[in-house]
Structures are given as structure tokens and as C-alpha cells.
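Since the structure of chain P is provided, determine the placement of chain Y on it from the hints.
Which chain is which? The protein sequence lines are P and Y, in order. The numbering of the first sequence is my numbering, which starts it at 1 and goes up by one. The numbering of the second sequence is my numbering, which starts it at 1 and goes up by one.
In case anyone wonders, no lab produced these hints; they're calculated from the structure. A virtual CB, placed ideally from N, CA and C, is assigned to each residue, including glycine. Be aware that a few hints might be false.
The calculated label-pair distances, taken between Cβ atoms and stated as ranges, are [unchecked claim]:
#1 Y:Arg109 x P:Ala26: 26 to 36 Å
#2 P:Gly30 x Y:Gly133: 25 to 35 Å
#3 Y:Ala262 x P:Ala26: 48 to 58 Å
#4 P:Ala26 x Y:Phe198: 20 to 30 Å
Taking beta-carbon pairs under 7 Å as the criterion, some of the chain Y residues facing chain P (in silico) [as the list claims (entries may be wrong)]:
#5 Lys75
#6 Pro82
#7 Leu91
#8 Arg128
#9 Thr132
#10 Ser274
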Amino acid sequence: MTAPADVRPRWPALRAAFFLGVVRPALLLGFGLGVRGRERLPVRGPAIVVANHNSHLDTLLLLSLFAPRALAWVRPAAAADYFSRTPLLAWVSRELIGALLIDRQPGGRRDPLAPLSASLERQEIILLFPEGTRGQPEVREAFKAGLAHLARRHPDVPVIPVALRGLGYALPKGEWLPVPLNLYVAVGTPVPRQADKAAFLAAVEAALDSLEAELPTYRWD
Amino acid sequence: MNGVPLVLGGVLTLLVIATLISEGLPRWKGTAPKTELAQRVRAWWVMAGLFVLALLLDRRVSIAFVMLLSYLALKEYLSLIPQRRADRRVLLWVYLTIPLQYLWVYTGRYGMFIIFVPVYVFLFLPFRLMLTGVTPHFLRASATLHWGLMLTVFALGHLAYLLVLPPLHPAGGVGLLLYVVIVTQLNDVAQYVTGKAFGRRRIVPQVSPGKTWEGFLGGLGVTLAVSLLIAPLLTPLHLWEAATLGLLLPAVGFVGDVTLSAVKRDLGVKDASSLIPGHGGILDRVDSLTFTAPVFFHFIYYFVYGPVRG
Numbered sequence: 001m002t003a004p005a006d007v008r009p010r011w012p013a014l015r016a017a018f019f020l021g022v023v024r025p026a027l028l029l030g031f032g033l034g035v036r037g038r039e040r041l042p043v044r045g046p047a048i049v050v051a052n053h054n055s056h057l058d059t060l061l062l063l064s065l066f067a068p069r070a071l072a073w074v075r076p077a078a079a080a081d082y083f084s085r086t087p088l089l090a091w092v093s094r095e096l097i098g099a100l101l102i103d104r105q106p107g108g109r110r111d112p113l114a115p116l117s118a119s120l121e122r123q124e125i126i127l128l129f130p131e132g133t134r135g136q137p138e139v140r141e142a143f144k145a146g147l148a149h150l151a152r153r154h155p156d157v158p159v160i161p162v163a164l165r166g167l168g169y170a171l172p173k174g175e176w177l178p179v180p181l182n183l184y185v186a187v188g189t190p191v192p193r194q195a196d197k198a199a200f201l202a203a204v205e206a207a208l209d210s211l212e213a214e215l216p217t218y219r220w221d
Numbered sequence: 001m002n003g004v005p006l007v008l009g010g011v012l013t014l015l016v017i018a019t020l021i022s023e024g025l026p027r028w029k030g031t032a033p034k035t036e037l038a039q040r041v042r043a044w045w046v047m048a049g050l051f052v053l054a055l056l057l058d059r060r061v062s063i064a065f066v067m068l069l070s071y072l073a074l075k076e077y078l079s080l081i082p083q084r085r086a087d088r089r090v091l092l093w094v095y096l097t098i099p100l101q102y103l104w105v106y107t108g109r110y111g112m113f114i115i116f117v118p119v120y121v122f123l124f125l126p127f128r129l130m131l132t133g134v135t136p137h138f139l140r141a142s143a144t145l146h147w148g149l150m151l152t153v154f155a156l157g158h159l160a161y162l163l164v165l166p167p168l169h170p171a172g173g174v175g176l177l178l179y180v181v182i183v184t185q186l187n188d189v190a191q192y193v194t195g196k197a198f199g200r201r202r203i204v205p206q207v208s209p210g211k212t213w214e215g216f217l218g219g220l221g222v223t224l225a226v227s228l229l230i231a232p233l234l235t236p237l238h239l240w241e242a243a244t245l246g247l248l249l250p251a252v253g254f255v256g257d258v259t260l261s262a263v264k265r266d267l268g269v270k271d272a273s274s275l276i277p278g279h280g281g282i283l284d285r286v287d288s289l290t291f292t293a294p295v296f297f298h299f300i301y302y303f304v305y306g307p308v309r310g
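Next up, chain P with everything else stripped away, as it sits in the complex (with noise of 0.2 Å):
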């Protein structure tokens, strides 16, 4: 199997109309969104941003609170085999999103954190979901830790949690007609660096959980 080819978005310019044009009012007008600390998102590269997921959109909603200059910087990693899959989604992944693919099937022999190393080498802003998958919405999974092995390679690079919350109700796994709810997003400040790898992810989760309590809360059963 070949490694999935890093092919940087052509348009920077078609995707920043995109996400101010399109994605932005979309979301503010069908869902609505409150967000706190957006002024920390980083404007420049490099940086590490890692949210919680709960679903497809998760993504989009992110990338339309940066800013338009830095929005050509940011590159969410992504799953390679889910998002090759087809030809419109993979010019999707690659124009619109600006999508970082990542090989995860286990047990290559390649290093599959190879390409999210290259792209914070070339100054770029890498947003991660630790968990990995959507999983139970708005339930919180383990974090993976390809972030710790990551984050040890870079140390010198900030990792900036965001919390997200709405979209597990809103646009749940396995579900395809969104509903219109407020969305919620808290950005913290850079998680302090730790020695111990297990340390340092518990102490992005803690953070992470942290930000997910200033949030208003769903009282859903």
C-alpha cells in the first residue's frame, strides 16, 4: 500500500469563501452558535488543536471560527481510507476542508504520525480529535495516544484544546436530518507540557473536560 500523498489545497482562496460564504452562516442561521475564547485559536502555525468529537460536522465547525488569513493554514487530520473513498469526496477533503490524511490501519509498517510531523514543520495548524471516532455522542472517550507520540516529537509546539458541545444532539452519529440547537464551543490556553506521555494526555483531558463545565449543558434522556 502506497502512503497517502500530502496534496495541499490549490484554492486557498475558494476555501476561505466557502467557510465564510457558505458553512458560517449556515451554522449560525440553521443551529446558532456561543463561543468562548475564540480569540485563542491560533493565527498561525505551528499548533496543535484538539477537540472532543461528536459528530460529521464537528469539522466544519471548527474551521469557520478561524480566522479567514489563518484558515489556509489549518489542516484537520483525517481518516485516509474513509476519506479517499470517493473522487467528490476526496476533492471535498482536499479543497474544502483542507484534510491531513492519516493511514490508521494498525500494524503498517510506515509511521503513520509521519504526515502530521511534516505538516507542523511547514508551520501548519493540525486539529485532532484524540478519540478517534465520534463514539457515543457527547460522551467523552478515551483519548488515543498518537497525540502524546506526537506531541513529544514537537515540544516546542502548543497544544490547544477545544471543547464542543450541541452537535451530538443536533447531528448525532448514524443520523442524516441535523435539527436545529445552539452549538456551544470553549477554546482554552496551551496545555504545559509534561515529561511522562500518559501524564501530559491525561492533563489535555483534564483540560479538555475542564472547558467542556463552562459550557451551557443539554438536559437530554
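Using the frame of chain P, we list chain Y on its own:
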């Protein structure tokens, strides 16, 4: 005489005075401005600007503006209340009420406008909820969803129906809508300001500790005066009607305000959202209006339009 320009001039003057107090005064005295007050006044500029723009452009735009208010208020409500995961898709039916209700408004179908939400939606919604097959909290879901629709779509929708009533005054439906919104919002502000300055005796301390008799009476006095002043400019109301509404609407608005406070306390939130800086959410801004709009509407529908209809 169409008094809309005159009244809008008055609103503009009030906004300028408020801005001089919130931004000019601290600058002149060299003290730090009170951010919350400045935020509130700035948000008033935006809200008043959007409202007046929608009102002056075209009747369809004005109706669409009220419809947008209903949608935002309902969305806020549905995001706050306890819900059952099984009802997620039912919420789309709940939202569908909005375009239908405003279609009745736009086409002037008064009969449908007045029975659609209280009767047909009231009967349909529990039927659709039953189809989920989930019975725990069934009654809670039926009741809370319908209550939200009555408040945000049926009650607020009365604002839009004012626009399609046959004009009995040169200011037309725009005049009626402007009258009830100005009287309600000004009463809120006057009540808040006099309450802050002189408030001592609390009316409902367990629900809304900030509400005092002094504030209530201060609001009432200002509102009565404003009602008498602007009613001839905007509405076909006689003097006694303007006086009655000047006393009635502050009381009704107060009831709406504290009722929504009780709802927010039940849900454990201070504000319905943080959409409007310094004010909270849409529901926090239109709480009084959800009660004054239908009361004002049916008051004029009976006393002013009744004799005309015969």
C-alpha cells in the same frame, strides 16, 4: 397623520441620550465606563436598527423578521428544556409550525392563525410523540413542546398579524407593531432604571429578586405617559383606550417577565443564551413581549376592530 417618522425620531433621541450617559459621561469624567451598561446600549442600537429596517422595508420583510424572532426564541427554548433522545426528529415537526403559522399571517387567514397552534398542533404533536413508542416522560414532552410553541410562535406571532390588519390609521399595521414594541420595551427599561434607583420592596423575591414595587410603579408611570403621547401618532386608539393600555401593558409585561424568570430558574440558567451582549438571549429580550403582544392584539381586535367588523 402618520406619526412613524416622529416616533422613530424620538427613539433615536432616546438612544443618543442613553449613549451619552453610557459612553460620553465616563469619558468626560475620565472614569472607566461600565462595560455592562455600554454593552446593553450598543446592543439596543443593533436591535432597534434591525427592527426599524425590517419594519420600513416591506411588509413581507417585516413578517419575515418576526418569524425569525419566533425561530430564534424557539431554538433557544428547545436547546434549554429537558428532552428525550427519541424525540429528536419530532423537533423538526415542532419547527415546521413556524412557516405554517406565518403563512396564515401572510395570507391573512385569521381563523387558521388563531386555532392552528392551540388546536391542530396541540392534537398532532402528542400523536407524533406516541409514534416514537417511548412512553417515559411522554406527558412532559407533550406539555413542554407545546408550551414552547404557544409562547414563541403563537403569542409572538400576534406581532406579525398586526401588520395585516386593515389600516384604520395612516400609520397602518407598522404603527400598531411599533406602538406595542416601544411601549413594552420602554416599560422594561423604565422599570429596570427606577427599580435600580429606588427599588426596596420586592414583589416576587423567590422568582425575580430584582423586581420591586418601586420599579414596577416607575415603569407604569413612564409607560402611561408614553402611551398617551404616541398612541395618537401611531394608532387609531381613543384617549381612554391609550390610557387603559398604558396601565394594562406594563402589568402584563411584568407578568411575562417574571413568568419567564420562573422558567429559567426551573431550568437552572440565568439567561436563555448569550446571543445579545449585555441582554442574554432572545427569550430574555422578548419575555415581556410574549405576553403583551397577544393581549394588545386582542384588546384592539375587540375594542377597535370589533365595531368596524360589525
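Unmet hints by their number, sorted upward, for this structure: 3, 4, 8, 9
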